[in-house]
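With the hints as constraints, model all of the structure from the sequences given.
Chain order of the listed sequences is A and B. full-length UniProt numbering applies: residue 1 is where the first sequence begins, and numbers increase by one. full-length UniProt numbering applies: residue 1 is where the second sequence begins, and numbers increase by one.
Treat each hint with caution, since some may be false.
[Claimed, not checked] 25 Å max Cα-Cα, derived DSS-like pairs, lysine-lysine:
1. B/K129 to B/K216
2. A/K194 to B/K310
3. B/K62 to A/K447
4. A/K337 to B/K508
5. A/K307 to A/K261
6. A/K479 to B/K160
7. A/K508 to B/K479
8. B/K261 to A/K194
9. B/K408 to B/K240
10. A/K408 to B/K216
11. B/K160 to A/K255
12. B/K240 to A/K310
13. A/K308 to A/K261
14. A/K451 to A/K479
15. A/K129 to B/K255
16. B/K240 to B/K14
17. A/K231 to A/K337
18. A/K129 to A/K52
19. B/K216 to B/K164
20. B/K14 to A/K129
21. A/K255 to B/K508
22. B/K129 to A/K447
23. A/K129 to B/K337
24. B/K308 to B/K337
25. B/K216 to A/K129
26. A/K240 to A/K255
27. B/K337 to B/K261
28. B/K408 to B/K508
29. A/K62 to A/K14
30. A/K164 to A/K194
31. A/K479 to B/K408
32. A/K194 to A/K255
33. A/K261 to B/K194
34. A/K62 to B/K447
35. A/K451 to B/K129
36. A/K194 to B/K337
37. A/K240 to A/K408
38. A/K261 to B/K129
39. A/K194 to B/K194
40. B/K447 to B/K479
FYI, nobody ran anything at the bench for these hints, they're computed from the structure.
Residue strings, one per chain:
2 protein chains.
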Amino acid sequence: MSIDRIRHAGLREKVMSAEAAAEFVKNGMNLAITGFTGAGYPKALPTAIANKAKALHAQGEKFSIGMVTGASTAPECDGVLAEANAVHFRSPFQSDPTLRNGINAGNIAYQDMHLSHVEQQMRQGFYGKFDIAIVEATAITENGELVFAMGIGHGAEAVKNADKVIIEINEALAEGLEGMHDIYADVGLPPHRKPIPIVGAFDRIGTPALALDPNKVVAIVLTNGGDRNSKFAEPDDVSKRIAAQVIDFLDHEVKAGRLPKSLLPLQSGVGNVANAVMAGLLDAPFEDLTGYTEVLQDGMLDLILAKKMKTASATALSFSPDALQRFNENIEFLKDKIILRPMEISNNPEIIRRLGVIGMNSMIEADIYGNVNSTHVMGTRMMNGIGGSGDFTRNGFFSFYVSPSTAKGGAISAIVPMVSHHDHTEHDVMFIVTEQGMADLRGKAPKDRAKLIIENCSHPDYRDMLRDYYDRALVASQKAGGIHTPHILLEALSWHQRFVETGDMRIK
Amino acid sequence: MSIDRIRHAGLREKVMSAEAAAEFVKNGMNLAITGFTGAGYPKALPTAIANKAKALHAQGEKFSIGMVTGASTAPECDGVLAEANAVHFRSPFQSDPTLRNGINAGNIAYQDMHLSHVEQQMRQGFYGKFDIAIVEATAITENGELVFAMGIGHGAEAVKNADKVIIEINEALAEGLEGMHDIYADVGLPPHRKPIPIVGAFDRIGTPALALDPNKVVAIVLTNGGDRNSKFAEPDDVSKRIAAQVIDFLDHEVKAGRLPKSLLPLQSGVGNVANAVMAGLLDAPFEDLTGYTEVLQDGMLDLILAKKMKTASATALSFSPDALQRFNENIEFLKDKIILRPMEISNNPEIIRRLGVIGMNSMIEADIYGNVNSTHVMGTRMMNGIGGSGDFTRNGFFSFYVSPSTAKGGAISAIVPMVSHHDHTEHDVMFIVTEQGMADLRGKAPKDRAKLIIENCSHPDYRDMLRDYYDRALVASQKAGGIHTPHILLEALSWHQRFVETGDMRIK
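Written out as structure tokens, the structure is:
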């Protein structure tokens, strides 16, 4: 029974229905809700809040909330709330189709934030006061401490920061999760901060559960539901070719003595291509790999189960249904090989730089000078958000951006004259990799980068168009007084406009 | 006598003329040359190398070098080398007119880098091998340790990294500089890095001088010349209005209990406006200020001399002639109030985030969504470079960008529909301040930012044009499927193109 997971007698008395708990949520409130890449989000409260919103709206009353999560949640959280028009502000990351539509229709204000900044900005009061935290948990200990679920994200800060706390205890979660979390509570605010004492990717620096103020807990709701476990695509030929190039390069660096045979701690972004790189490492000539990432997906789990990877640190576990089963079945083996941390620690610039994390993230597009767009389709439409990609790109030892060279059956080029939105600048991006090839941008001036990216990474269908743009940009920019970064200002974004108008970036 | 400053007998034997020392520099070599914002650059060698280049070029021979400095140098360094066509690669920052022309004519490859990344990328081999380091110094100790000059920048890494070392001892430097430097040599490479043990902005963690391998020192040249000490403009009305708004905001935060009365450590970018903010602090209601910055200019010096600022940490001292005199005259008073560090430490993300540094930097332009261009004029022409602005913007407690709302007598607006080059993204920039007003972008979605920036920061001459662009962008982007970040793709950069064509961003 779920209630047995509440091992603190006083807190058992707070158990109630989701509908009763939703009564604490009032119009205009600012909520901190756990959830990170479809893991660790509340399963029952959002629907209860959405139903309340619909009922109030039907009566002509206003009802909407601001919500700050760890990262993306799921249809039963972001989806139901957006569908009920119950959200007026959302941060820092999302990927739900209904919520995305609300954002792109201009109805929901969305602030797209570096994940490593969220908890400190909550603590600093940059988001204003949080009225209620809604937190998914595996259990509550005898001492009234909260054991988080499959993801932590900003959960520890949410609980500390909010005036009231509502906890969902999810019986579907493996009890073996207890002990996997590492809650470091001492980040604090300047000028009283100390170094974060992680020197190895698997160092434990905190406690397995979070101390709770029982007086702040206004409701506990018992649930039994799975996370948003979506299946990964089997690595296709394009993904495998991208993965092979990344792995070849790393192997080359090992052979040149510039990387240890165990590499450096790996970060892998969300999605099929990033997952394919992890899958490729199963057969790569490296041993004793380590992970220091935000989301641990199937690929990294299988590296651990295959004993290619020794340990991994993350803030959330996001698995396909099959991988979840492997995780649950092997949880005793995995217990001393996986750490879940608050995202302030998993994505912390201090730690990422110190450890020398190798960051690999997917992109929407890169331009010929190495700027990367991770967030906006055709410059104006929000896809998901920047997530932790900037935390790793800016501070890591290596920063890879991977993508197939085209999308939509060839109608979109992932390599464009100028990205239509800039999330990672030429100052930060080190490697662009497509199935066509790789561009190593380190120590290169913009014009040298352009040649490499066009010749190595672009799809043959677009290569002549890119060469033509670059050649004409050299002439146009000379007239404008400088050809450090050649561009034709009125044409730089024309590929995107052509796609909007004709459905194809190619000139017919 | 300069030679008395070489207190190590063995190294005295390495003294020679600049011309003789320049013979070590061969065509195609990769040089690490000290210098940071017109301080600490070699005064004699560059001219000797330039003369050698000219002589060789006259004989039809090739001669050019790659050079990585701390930041900008001066006409006697970057200037003479560029004028002699002796530079084929330059990184990470520059501000010399002759060098800039070479870059913008497409003759010199320039990589514009975050300064905090330079030393680790040298150590990691991302720039290739360094043949020679040329380093300005105040003295060499009895034990053969190098005492740096008015700036350190990447000097410590340059000496360690390069095969050979050439030292210039500059007699014009105050001997009292000895003891002001703090060389922390233990940053190292992953996976063996430890926390950098700075917990207060003035903590000393290293040694006052750098241990030298005497066998690597191939030449010592004696010089007697001043740094590039240019006069700051007296704060004008526009600068004072910008400064007043920053100070009012900080005062408001102190009164609200969100900042201590001593604020948090201050970083101030280079230039007149940033200097004006420091000047404004002389009369502000704060006490016991501290500085944690890359360049310490007149404004911060005067805060220390006036006992408004307790201590300051920097990597270089860049003064006007008057301020240099005040510095030299008060050097005994200042000795326990100023620390000079390697730029890997002054600009380190770990330290900037831990200390909660308040970053204030100038910009070329910002757009209506809060993206900032620090480097490119009209999108293609390199001005100076990003310097450390990104290090502080990305990791600081607050990130301010300041600029007059117009330039060139009103022909250029500092607030544009889309910046023509992105150095700091909407994810990082917190405050835009012009003499018109301030926009607080924290916790704001793009459309809310646009209203704030247009209404608060833009110049009245451009406000209607910006409102008109934004209103039409809302319509255009709806057609393109999303109005999260409204833009008209073919018009977004048209203001810059109009300036290139007509010399004015305004529609006549």
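So, going through the hints one by one against the coordinates:
1. B/K129 to B/K216: This hinted pair holds, its Cα atoms lying about 15 Å apart.
2. A/K194 to B/K310: Holds: A/K194 and B/K310 sit about 21 Å apart, inside 25 Å.
3. B/K62 to A/K447: holds (22 Å)
4. A/K337 to B/K508: Status violated; Cα separation ~67 Å.
5. A/K307 to A/K261: holds (15 Å)
6. A/K479 to B/K160: violated (43 Å)
7. A/K508 to B/K479: holds (22 Å)
8. B/K261 to A/K194: holds (21 Å)
9. B/K408 to B/K240: holds (19 Å)
10. A/K408 to B/K216: violated (58 Å)
11. B/K160 to A/K255: Judged against 25 Å, a Cα distance of about 24 Å means the pair holds.
12. B/K240 to A/K310: With a Cα-Cα distance of about 58 Å, the restraint between B/K240 and A/K310 is violated, given a limit of 25 Å.
13. A/K308 to A/K261: holds (12 Å)
14. A/K451 to A/K479: holds (21 Å)
15. A/K129 to B/K255: Measuring from Cα to Cα gives roughly 18 Å; hence the hint holds.
16. B/K240 to B/K14: Roughly 51 Å between the alpha carbons, so the hint for B/K240 and B/K14 is violated.
17. A/K231 to A/K337: Holds - the C-alpha atoms of A/K337 and A/K231 are around 24 Å apart, at most 25 Å.
18. A/K129 to A/K52: holds (23 Å)
19. B/K216 to B/K164: holds (5 Å)
20. B/K14 to A/K129: violated (65 Å)
21. A/K255 to B/K508: Violated, because 62 Å separates the two Cα atoms, which is more than 25 Å.
22. B/K129 to A/K447: holds (22 Å)
23. A/K129 to B/K337: violated (39 Å)
24. B/K308 to B/K337: holds (12 Å)
25. B/K216 to A/K129: violated (59 Å)
26. A/K240 to A/K255: holds (22 Å)
27. B/K337 to B/K261: holds (19 Å)
28. B/K408 to B/K508: holds (16 Å)
29. A/K62 to A/K14: Measuring from Cα to Cα gives roughly 28 Å; hence the hint is violated.
30. A/K164 to A/K194: Not satisfied, since the Cα-Cα distance of roughly 29 Å exceeds 25 Å.
31. A/K479 to B/K408: holds (19 Å)
32. A/K194 to A/K255: Measuring from Cα to Cα gives roughly 38 Å; hence the hint is violated.
33. A/K261 to B/K194: holds (21 Å)
34. A/K62 to B/K447: holds (22 Å)
35. A/K451 to B/K129: holds (23 Å)
36. A/K194 to B/K337: holds (22 Å)
37. A/K240 to A/K408: holds (19 Å)
38. A/K261 to B/K129: Distance of about 23 Å is within 25 Å: holds.
39. A/K194 to B/K194: Satisfied, since the Cα-Cα distance of roughly 13 Å is no more than 25 Å.
40. B/K447 to B/K479: holds (17 Å)
Consistency with the previously given hints fails for numbers 4, 6, 10, 12, 16, 20, 21, 23, 25, 29, 30, 32, ordered from lowest to highest.
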